[in-house]
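Taken in order, these protein sequences are the chains called A, B and C. The numbering used here puts the first sequence at residues 41 to 398. The numbering used here puts the second sequence at residues 79 to 443. The numbering used here puts the third sequence at residues 313 to 970.
These are calculated hints, taken from the structure and not from any lab test. Source: prediction; values computed, not measured. Among the hints, erroneous ones may be present.
[What the hints assert, rightly or not] The calculated label-pair distances, taken between Cβ atoms and stated as ranges, are:
(1) Leu486/C x Asp225/B: 34 to 40 Å
(2) Ser361/B x Leu345/C: 43 to 49 Å
(3) Val475/C x Thr187/B: 31 to 37 Å
(4) Ser71/A x Val385/C: 57 to 63 Å
(5) Ala332/C x Ser361/B: 43 to 49 Å
(6) Ser232/B x Leu486/C: 36 to 42 Å
(7) Leu345/C x Gln226/B: 34 to 40 Å
(8) Val797/C x Asp225/B: 39 to 45 Å
[As the list claims (entries may be wrong)] For the chain A half of the interface with chain C, some residues (derived, Cβ under 8 Å), not all of them:
(9) Ala147
(10) Gly164
(11) Pro330
(12) Arg353
(13) Cys354
(14) Ser357
Where a beta carbon is used, it is the ideal one built from N, C-alpha and C, also for glycine.
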Amino acid sequence: MTAHAASPDAMVSVRNLWKVFGPKAAEVPKSPQLQQLSRRELMDQAGCTAAVRDATFDVSRGEVFVIMGLSGSGKSTLIRLLTRLIEPTAGQLLLEGDDLMTRDTKAMRDLRRSKVSMVFQHFGLLPHRRVVDNVSYGLEIRGVDKATRTRRAMEVIELVGLSGYERSFPHQLSGGMQQRVGLARALAGDPDMLLFDEPFSALDPLIRRDMQAEVIRLHKEMGKTMIFVTHDLSEALKLGDRILIMRDGAMVQTGTGDQLVGAPADEYVRNFVQDVPRSHVLTLRWVARPERLGEEVADLTLPADTIIRDAIRCVISAGRPVRVVDGGSGGAGGSGGKVLGVVGEDEILTSIAGLEDE
Amino acid sequence: MSSFRTRLQDDGVRRPSRGSPGRSAHGSSRRARAALPGIGAAVVVLAVGLSGCAGARIGDTNAAAGGGGGAGAASGECGTLKLAMNDWVGYTADAAVLTYVARTAMGCTVQQLPMKEQIAWQGFGTGQVHVIVENWGHDDLKAKYIDQQKTAVSAGPTGNIGTIGWWVPPWLAKAHPDVLQWKNLNKYATQFATSESGGKGQLLDGDPSYVTNDEALVKNLNLNFKVVYAGSETALITSFRAAEQQKKWVIGYFYSPQWFLSEVPMQKVELPPYTPGCDADASKIACDYPRYDLDKIVAAKFAKDGGPAYQLVKNFQWTNDDQNLVAKYITADKMTPDAAAKKWVEANKVRANSWLAGIGGAKPF
Amino acid sequence: MSTAAVASVPTWRRPGRLVASLAVLVVWSLLYLVLRGRDTLPLGETETTPLHQSFNHLSDSIASNRNSSPLFVYFFNYLQIWMTQFVTFVQSLISQPGFGRPAPLIGWLGVLALGGFLAWLLAGWRSAVLAVLGFAFIGWQGLWTEAMDTLALTLAAVLIAVVIGIPIGIWIGLSRKAARVITPILDFMQIMPTFVYLAPLTLLFLIGPASSTIAVLIYSIPPVIRITGHAIRSVPESTTEASDSLGATRWQTLTQVMLPMAKRTIVMGINQTTMAALSMVTIAALISAPGLGQTVLQALTTLDVGTAFNGGLAIVIMAIVLDRTTTAAGEGTERTFEHGLPPRLRWGVAGLGAIVTAVLVWESATFWWANTFPTGHSIGPSIVSGVASASTWIQDTFSGVTNVLKNLISGGLLDPLQTLLTESPFWLVIIALTALAAILGGRWAALSTVVCLLIVVGLNLWQNSMETLAATLIATVLTMVFAIVIGVAMGRSRRVDRIVRPTLDAGQVMPAFVYLVPFLVLFGASRFTAIVSAMVYAVPPAAKVIADGIRGVSESTVEAATSAGASTWQIIHQVQLPMASRALALATNQGLIYVLAMVVVGGMVGAGGLGYQVVNGFVQDRFIGKGLAAGLAIVLLGLMLDRISQAVASRVDPSGAR
């Protein structure tokens, strides 16, 4: 992860972004010495806390990008830096090629009004307003007239499945429904990008699953770029095209779900992902072994991106190892694509049991 | 979308009935019923209000039922008299009589402004106070406002003589007549002791408004007493009244003329006699308080303008008995000050008329 | 502020702390035996020092600058004119002739209608009935005009307080720095006895409405500022952040998110300010403010307990009406969200009410019968004579018992403590009190103690201050005993609460001047009378805080204790009181501050000390400076006791679990 120039093509491009709290905050990113210090040392020597250290990543248009970490890892700070809800200490921040660090307060406000919306862990609804007025609040701020914003709010309420509750007050709704209001509020302004700060962590597991499905559905329907903060790995794997893992303010690893599970960058990530059912995340690519000489191989081939879980039935019923091809569509015969290797019953079973490392 | 709806149910609403459309219709009908009496009341009120037979109108001169200040008999150039109202009854009596005369005989507008003495003295300079009708000494205030700032002047004595000293309740004076001599006080010191006096006799001092030399007196007369500050005239009078009722021992700072003396005739203790100059050094005082010729203080500008109201104030003079009588009307007979003043003036027309002598436009009683 | 000290200490109930405090007291007493009478800094009641005289010159220079200093010509004088006009305007509406008419614009019928309508609109029909009946009763007492004067002055002061106070409150809510600067000023304004600034105010703003209103404002504006600040700070950050994330400006977030969410609490602040204003309007009577205060004070000059009570009762009724209406209005702002009428109907009903009200107001403006309250069948004289005979009966019946009680408390508690404080060398007292503050409250409390006491020494009023401190401490202990008994009873039973609460309200709002006379008869002119008067004023707020604390103890804990077979007494003293320990500490703090507010009244009934010096300074020109110094000393004692008790309170484990 070496530093390189910010990418103007990405939706969001972040380079060497820092957020330091404390009396000498501005000096920390500039001093190579201070940069090296651990959290504890930095506190002792400079009285500062680095909530985000040297973050560098790109998010492409239409991608769902997950920022993951335990509490205190800086993930919630990082997502707020992106719209300068919290002012970054140093670094570069581009949105669609546009340098956000040089914008003034008013320009940032305009950006928040039209381009980027956020959904919060504790919803942040206005208790004194009805659902419809909560949803249209963002439009009201922009100065949209009442008829238009009510019409738009009704559309979005319909979209998140809250029709019939427009006149309710937030405290009359369950947590899941309140977060739907939060979601509707974020969508009402038709932003290009949505930011989610642990939006479902306050919800019951069942409702959380529904809401995750809801986000996936909305993403499919509208194709908006989403940046999603969570401390829940399974949520990250379920939603994220790519996942960024943070620890103590620093980035530990960025990659797709199977990259993290298959090739953890360090012990921290390994511990993190160790309870993940590998067969649910890894693709055949990660378990394929070289074909042994003279081995009998099944007729059909499978694409390398197939999740192991989805290949179990195929491989078991084939009764013998199956060839794995890269990029090909798979199927009988083995047309196209380069053969990466084969997967047999053994490989499948060890991956299900999670034993291959031992 | 339909599957989404079904899922919403376990997402349930906690208080589903509130805010659902059916409910508000019900609510509104209930409110409408509740509003009916209101409508009834409105109709009645409108009927009464607009029928035009609702009594005397405000502003009709011939029907002025409850208007302010009595109808002026004389229409002199009196104008407004701003009278400070200090908060003891003797003062109230003076002020009530003065007010009654100024209003009825001279057609003045009198503003009675209740306030403490010191504030009243301040008021001379700002033109907010014209007259203090009964002033007890207050040499420090006189020095400050009459001599230095020159905002006030004396308008002569009221005729009342003020006496300050130590007093005991009548039962005690009767039971132990020798208590009325200061030399015998030490003999009774333990009888006068209370929870506040730390084993010594208690000398109860009163309203801080009045000058007191009692700490110096106790010290210089070698009395085994401690001065306890009751802090208000109310506290003093209450203590005396209770002492007389319950035959308790009490000795305290008090003064005459005072309405309470007509309820409980307190007896004055004889102190070493006052001689001019014996109170020159405050810390060495060992003599009785001087007699005070109570006087009237007026604003310098008010005196200089010399209007009829000033003339009246200057002429005003009466005796301790007069004042005590009016004070008794107010306290014992529970008359309003105005009624008490009227009663006194009607019984003493000659005296009242003498105050009006030489004032143009005044109509004698 | 004192968080650093708090962190290291789990609970103040540690036996070590108690032992250490006792040790300090023992050592102090021993040293006292050796050193008594030395360095006690005595000063005669009628003596002054150069410092006091220089304060005198300060007040003289104000008077001589009245018409020359630009500060006066361009600021104070305009402020005075503007305030006078405003208050006179409000008075012309309801209490005094004005607008070229011989009667106020709105007469009694109009006030009843308007009061009822507004109460209905803001707080519901219960409040409306209460308002109409309450005001009608005051009229029936024969005190209509006086009550309207009081109401006019109170309303004018509250309006100004709201207009000035809410923005300042918002400011201290948003900025910690502002809060740090302004909070001590508010403390100062609340603790400084009114008597101290009453006379100087009449120098600055002349005698009349302006001075009265400003005196009322100084005392009553702090609650609305404090509570608004608290309300703004309490808006959850998640909500304001959500608003920011949608691109709201600061102004939009403030007006559309923070203020609506803080509204209910701010209304409580206005409520507190109204109550404070009402209690101060009585004292403003001393500088010729019209109204019920005059009734009470004038009755006092002839010891007319009945008339004073009649006036005090009217003040209490007005306070209850205003309190219940604003409280209900505060709660109503939430309620109307839920089940408001459909808009059209709501406007219809409100419109109808407005028409009725307008007609009645017009009647009262037009006809004498609707303007001047009918005096025919006043209940006032019956109240006056009834109370007078009741008070005589109480005095005759109980004065024996009360004397024993007085001597017991004075001799057993007050004298030893007062002797220890006044007869020890001043430096020993400072060291001992600082040590106690350090043990009980930590090092910040100790620091405030030593600073405050040193300044008190500098004010040349050491003896008086120690007398007042002794009486204040004893009064607070007694206050807490009563407050705990009453508060526990209220907290455990809603019914007791409903019965007791109006009595407490009355105790809090009834001007002290009303009950001074009977107390004086019962207890004589003594420190004990002052203590009892202070308790009447201080027990109610303390009891209310404790009742809330007891009610806040979780049901399940009490249930668990009950199921374990605990007796009622065990539940109270082993479960409910320990778990409400934070409320107890808070109540002590409140009790102290309220007791201190009565120090001046204490000076008027024989308690001496700083209170007497303040009264003395108010009435005698020579002692203005000494009175001012005494006022400052009261503030310092207040700050010291407040900081110590707050530090103790914040040390109490909030969960109460042990």
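- Item | In rising order, the numbers of the hints this structure does not comply with | 1, 2, 6, 7, 8, 9, 11, 12, 13 and 14
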